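Residue numbers (our numbering), protein chains in the order written: chain S, 1471 to 1788; chain A, 695 to 1076.
Hint data in this document are derived by calculation from the structure and do not stem from the laboratory. The model shown is predicted, which means the values in this text are computed figures rather than measured ones. Ideal placement from N, C-alpha and C gives every residue a C-beta, glycine not left out. Heads up, a few of these hints could be off.
Subject to a maximum C-alpha distance of 20 Å in a straight line, what follows is the list of computed EDC-like cross-link-like pairs (lysine to aspartate or glutamate) [stated by the list, open to error]:
| # | chain 1 | residue 1 | chain 2 | residue 2 |
| --- | --- | --- | --- | --- |
| 1 | A | Lys843 | S | Asp1564 |
| 2 | A | Lys1068 | A | Glu1009 |
| 3 | A | Lys783 | A | Glu808 |
| 4 | A | Lys868 | A | Asp740 |
| 5 | A | Lys816 | S | Glu1687 |
| 6 | A | Lys1068 | A | Glu1010 |
| 7 | A | Lys868 | A | Glu896 |
| 8 | A | Lys845 | S | Glu1786 |
| 9 | A | Lys845 | S | Glu1781 |
| 10 | A | Lys1042 | A | Glu938 |
| 11 | A | Lys868 | A | Asp818 |
| 12 | A | Lys866 | A | Glu830 |
| 13 | A | Lys727 | A | Asp712 |
| 14 | S | Lys1698 | A | Glu830 |
| 15 | A | Lys868 | S | Glu1687 |
| 16 | A | Lys789 | S | Glu1687 |
| 17 | A | Lys866 | A | Glu743 |
| 18 | S | Lys1568 | S | Asp1553 |
| 19 | A | Lys783 | S | Glu1687 |
| 20 | A | Lys845 | S | Glu1647 |
| 21 | S | Lys1597 | A | Glu768 |
| 22 | A | Lys1005 | A | Glu1018 |
| 23 | A | Lys819 | A | Glu830 |
| 24 | A | Lys897 | A | Asp908 |
| 25 | A | Lys1000 | A | Glu1010 |
| 26 | A | Lys868 | A | Glu831 |
| 27 | A | Lys1034 | A | Glu1018 |
| 28 | A | Lys983 | A | Glu935 |
| 29 | A | Lys866 | S | Glu1687 |
Label-pair distances were calculated between CB atoms; the ranges are [claimed, not checked]:
| # | chain 1 | residue 1 | chain 2 | residue 2 | range |
| --- | --- | --- | --- | --- | --- |
| 30 | A | Arg844 | S | Ile1516 | 50 to 56 Å |
| 31 | S | Lys1778 | A | Phe889 | 34 to 40 Å |
| 32 | A | Phe889 | S | Gln1495 | 34 to 40 Å |
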Amino acid sequence: MAVTQPADLVETEEVSTQAQEGIGQKVLIAVPYVWLLVFFLAPFFIVFKMSLSDIAISIPPYTPTFDLSEGWDGLVALWNALDLENYVWLTEDDLYWKSYVSSLKVASISTLLALLIGYPIAYSMAKAPSEWRSTLVMLIILPFWTSFLIRVYAWVGILKKEGFLNYALMWLGVIDEPLTILNTNTAVYIGIVYSYLPFMVLPLYAVLEKMDGALLEAANDLGCSPIKTFWIITIPLSLPGIIAGCFLVFIPAVGEFVIPDLLGGSNTLMIGKTLWTEFFSNRDWPVASAVAVILLLLLIIPIVLFQKQQEKQMKEDG
Amino acid sequence: METIVKSNQQQVFAPWTDPQNKPLLRFENVTKKFGDFTAVDNLTLDIYEREFFALLGPSGCGKTTMMRMLAGFELPTTGRILLGDNDLKDTPPHKRPVNMMFQSYALFPHMSVEQNIAFGLKQDKRPKQEIKERVEEMLSLVQLEAFAKRKPHQLSGGQKQRVALARSLAKKPKLLLLDEPLGALDKKLREQTQFELMNIQEKLGMTFVIVTHDQEEAMTVASRIAVMDHGRIKQVATPAEIYEYPNSRYVADFLGDVNIVEGRVGVTTGETASLNWAEGQSHLAVSTKERPQSGDTAWIAVRPEKVRISKEMPEEADNCLQGEVWDIGYTGNISTYHVKLANGQMIKAQVANRQHLANRPITWEDSVYVYWEKGAGVLLQS
């Protein structure tokens, strides 16, 4: 073809193909950004605007509302009506900061427990004969096939006074009186650790499984006892997995609502629950929005740290 | 193939010849089984101090298992391994005065070169100053002073190999185990490193045991070689002995190139045995100190470089066979002529190319004579 066509025509075709490729690439990159804009940024701005509004007995239950019919004056009036009152309120009533602190505490302790339980699980999975490993990974993922809500409900049945756990412990003779676990913080910890354990185990397993067994033998050979080898070789080399697992448990655990609501008691204070009460019981959407905005800001810090760590890891691997 | 003669030594280093010498290391009827599979089969072996001992064999012959038993990663199913007078059975790997250089190097990726080398010394809780000095000494030994602060992933294959060596030498072990230490290096670097290894071993006066499947490597570095097959040792000898006087077809074939002719033992007169190898052909003569039973099946092994070739019938030769040039393998320095005998048997004869290729007098399909002295061959009975 190139022989029969004038040279410049061929060139133009090539250029236009390149331009098309360029556009195609841009569209491809644009898709996730548009997605984030529509489904994350826009709702966030609505919530943020709501957090600057005042409560009102109307539909929707806040004022001012966004009304284009009044034109520019309407927008100015809207802007003037917004204030930081709700954020000030969050600092005045100690319920809110106590909820935040309590959430962070519950999430931190749960993360630590998940790590302590998850590490041996991941370790033994990684040490298992290779033909078993995929089955073991399957078993870790298996709970996801049942609804999260149903699984948390199932724990109500296990933990309640006349539940399965108490029954079993009394039958074994460990206790005489049924334990009160349901509706306490203990139940919340059990629920969170149970629910998020796979998120801890999987990244740990991924790292431990890749680890070269010869490294442990080398440490042994150079005079390091097996226990010490675990601390100075295995743990440091699995650090990327530990960090990933901890963030994956910690971040959702902070904002958790279902578990403290179903398993926790009246004294269980978590920000997700406070938010829900604010929104649905008090119908104070502006304050609820302010709570949500602050929660988001709190979570951005660990998320950014997590991203940084992942980038660093990518660089080191590459 | 190179066999280094250590000419600078006054006396020939051969502690195994003196029964008074106590071995540093002794395998006593060691058997190791993995399920049904016998990796090491009732094996007895002595290794002496300051030896550079090579375990040579194809993969799966049990050589790596022997090394892992020495390091303590595996325990013998039956039998004993003695280091000096101590049975190693109850000594876990981290308490053995034995260090190993791993095939994959197994450098700790989260530690610098320095920290890797210092690792073993730190485990022994040696004083800081001593560790520092020893690390510097090791770095200069392997010429990596400039790389002390680097992490393993910033090093080339050859550099990693040297760090691994320095790390395993740092504790001055009684015994250093090298598991295919040069396997990952390219040929040039491998040859160079073989000589470095020998120099280091001589300089430090340590005992090295190397596992390898590369016969040239074993021949180059080792004071003695054990050729292994299916968990058994076929022969233990110096490189020259094992090459010149293999005790079986397996050993002869494993080390270097060899012609093997099968036949029946005829008359043995003095130290010369004759082998009846084909109908209507003259018997082959071979020097032997043994008295083989007449009529038994036996083999003559003769190395191609000891077989001569010519177009004219040699005037005097102990063994002379006629055939046709079937193929010529040219490798630059030498040419290997594959000569097909009347009965189909192939005999390889190697000739050093002293002249340019164009002057080669023998070519394909030429009728030639191949001949060798009776002392060039070896009579094998297995």
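Status of the hints after comparison with the structure:
Between Lys843/A and Asp1564/S, the direct Cα distance comes to roughly 52 Å. Violation of the 20 Å bound is thereby established for this hinted pair. Restraint check for Lys1068/A and Glu1009/A: satisfied, since their Cα atoms lie roughly 15 Å apart, inside the 20 Å limit. Between Lys783/A and Glu808/A the CA atoms are separated by roughly 33 Å; this puts the pair beyond 20 Å, and the hint is violated. Restraint check for Lys868/A and Asp740/A: the C-alpha separation of about 15 Å stays at or below 20 Å, so the hint holds.
Restraint check for Lys816/A and Glu1687/S: satisfied, since their Cα atoms lie roughly 17 Å apart, inside the 20 Å limit. For the suggested pair Lys1068/A and Glu1010/A, the alpha carbons sit about 12 Å apart, so the restraint of at most 20 Å is met. Distance restraint check for Lys868/A and Glu896/A: the Cα-Cα separation of roughly 14 Å lies within the 20 Å cut-off, and the hinted pair is therefore satisfied. In summary, the hint linking Lys845/A to Glu1786/S is supported, as the alpha carbons are separated by about 11 Å, within the 20 Å threshold.
Restraint check: the Cα-Cα separation between Lys845/A and Glu1781/S comes to about 19 Å, which is no more than 20 Å; the hinted pair holds. A C-alpha spacing of about 17 Å is found between Lys1042/A and Glu938/A, which places the hinted pair at or below 20 Å, so the restraint holds. Distance check on the hinted pair: Lys868/A and Asp818/A sit about 15 Å apart at the alpha-carbon level, within 20 Å; holds. A hinted pair counts as satisfied when its Cα atoms are at most 20 Å apart, and Lys866/A with Glu830/A qualifies at roughly 14 Å.
Restraint check for Lys727/A and Asp712/A: not satisfied, since their Cα atoms lie roughly 33 Å apart, outside the 20 Å limit. Using a Cα cut-off of 20 Å, the hinted pair Lys1698/S and Glu830/A is violated, with the two alpha carbons roughly 26 Å apart. With a CA separation close to 18 Å, the supplied pair Lys868/A and Glu1687/S stays within the 20 Å bound. At roughly 13 Å between alpha-carbon atoms, Lys789/A and Glu1687/S fall within 20 Å of each other, so this suggested pair holds.
In summary, the hint linking Lys866/A to Glu743/A is supported, as the alpha carbons are separated by about 14 Å, within the 20 Å threshold. The suggested pairing of Lys1568/S with Asp1553/S is violated, with an alpha-carbon distance near 24 Å, which exceeds 20 Å. Taken as a hint, the Lys783/A and Glu1687/S pair is honoured in the structure, with Cα atoms around 17 Å apart against an allowance of 20 Å. Taken as a hint, the Lys845/A and Glu1647/S pair is broken in the structure, with Cα atoms around 59 Å apart against an allowance of 20 Å.
Annotation: proposed proximity of Lys1597/S to Glu768/A holds, straight-line Cα distance about 17 Å (limit 20 Å). Among the hinted pairs, Lys1005/A with Glu1018/A is consistent with the structure: their alpha-carbon atoms are about 10 Å apart, no more than 20 Å. Only pairs whose Cα atoms come within 20 Å are accepted, and Lys819/A paired with Glu830/A is accepted, the gap being roughly 17 Å. At roughly 24 Å between alpha-carbon atoms, Lys897/A and Asp908/A are farther apart than 20 Å, so this suggested pair is violated.
Between the alpha carbons of Lys1000/A and Glu1010/A the distance comes to roughly 15 Å, so the proposed pair stays at or under 20 Å and holds. Distance check on the hinted pair: Lys868/A and Glu831/A sit about 18 Å apart at the alpha-carbon level, within 20 Å; holds. Restraint check for Lys1034/A and Glu1018/A: the C-alpha separation of about 5 Å stays at or below 20 Å, so the hint holds. Note on Lys983/A and Glu935/A: the hinted pairing holds, with a Cα-Cα distance of about 15 Å set against a maximum of 20 Å.
At roughly 18 Å between alpha-carbon atoms, Lys866/A and Glu1687/S fall within 20 Å of each other, so this suggested pair holds. Distance hint check for Arg844/A and Ile1516/S: the Cβ-Cβ separation is about 53 Å, which falls inside the suggested range of 50 to 56 Å. In this structure the hint that Lys1778/S and Phe889/A lie 34 to 40 Å apart at CB is violated, the actual value being about 48 Å. At roughly 55 Å, the beta carbons of Phe889/A and Gln1495/S sit outside the given window of 34 to 40 Å.
Violated hints, in rising order: 1, 3, 13, 14, 18, 20, 24, 31 and 32; the structure is consistent with all others.
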